[in-house]
Amino acid sequence: MKKTILTLLAAGAVSCALFSQHALADSVSFAGGSASANHDSSVTSPTTVSFSSGWSVFAGTGMFAGTAGSATTMSSFSFSGDSSTGNATCTTCPETQWTFMSGGNTYSFILQGLTPGNMATRSGSIGGSGFGYVQVNSGPAISGTWSISGTGSNFNYGANFTFISTTTVPDGGSAVALLGVALTGIEGFRRLLSRRSA
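When you number the sequence shown by my numbering, it's gap-free, plus one each residue, and the end is 198.
Hints may be right or wrong, so weigh each one.
Claimed, not checked - Pairwise CB distance ranges (calculated):
no., residue 1, residue 2, range
1, 105, 42, 38 to 46 Å
2, 147, 73, 17 to 25 Å
3, 153, 76, 14 to 22 Å
4, 140, 44, 38 to 46 Å
5, 141, 73, 25 to 33 Å
6, 125, 46, 15 to 23 Å
7, 25, 117, 22 to 30 Å
8, 104, 38, 32 to 40 Å
9, 46, 135, 23 to 31 Å
10, 38, 136, 26 to 34 Å
11, 136, 160, 40 to 48 Å
12, 135, 43, 20 to 28 Å
13, 39, 139, 17 to 25 Å
Hints in this document: simulated from the structure, not taken from any laboratory. Every residue gets a Cβ at the ideal spot worked out from N, C-alpha and C, and that includes glycine.
Generate coordinates for the entire structure from the input sequences, incorporating the hints supplied.
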């Protein structure tokens with residue numbers, strides 16, 4: 001019985017340490033510009049989405065913290081199909097979809113594809129999502145999701161872009177402290193049981 005209790009306590013302590021993790025989100029959103037499409041994607045394919053000048057970083061967290069206000073270049077992209085039929089596919093991917101400079105660093109997003117079937121343009125709205133990766137200068141590729149949404153008329157939209165990269169990482173300091181407290185408690189409980197059985 002004593003060994004069973006000690007085993008359960010030890011398993012609990014290790015589990016607490018292993019599962020004490022949290023998610024870090026790197027996100028950036030853009031605004032200030034407009035987008036346009038050449039037609040209704042449910043009627044004709046391929047569809048090209050183009051962007052005006054005037055885009056800039058609206059807000060950023062994580063690796064994008066402090067980049068708000070940075071002028072951003074958006075590149076047009078094309079896709080065939082439509083979300084109404086579940087078969088929207090990027091025809092120009094992979095491509096650099098947006099890029100900006102801040103603090104001496106160049107941030108670029110490479111759009112690799114659309115979320116399966118998720119892209120549509122209508123006379124009064126645009127919406128879709130995709131996946132790809134960000135590179136800061138020539139650093140490692142940081143995977144994430146991309147989305148666009150907007151409303152307007154005659155295939156001209158006031159649009160918003162968002163990129164989000166979420167990574168789960170171990171919570172180092174508190175996990176180690178929790179493990180230390182748990183192991184100290186287990187040792188104390190083991191000594192108590194040893195004294196009682198003696």
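(request) State the violated hints by number, sorted upward, taking the hints as numbered earlier in the document. (result) Structure breaks hints 5, 11, 12, 13.
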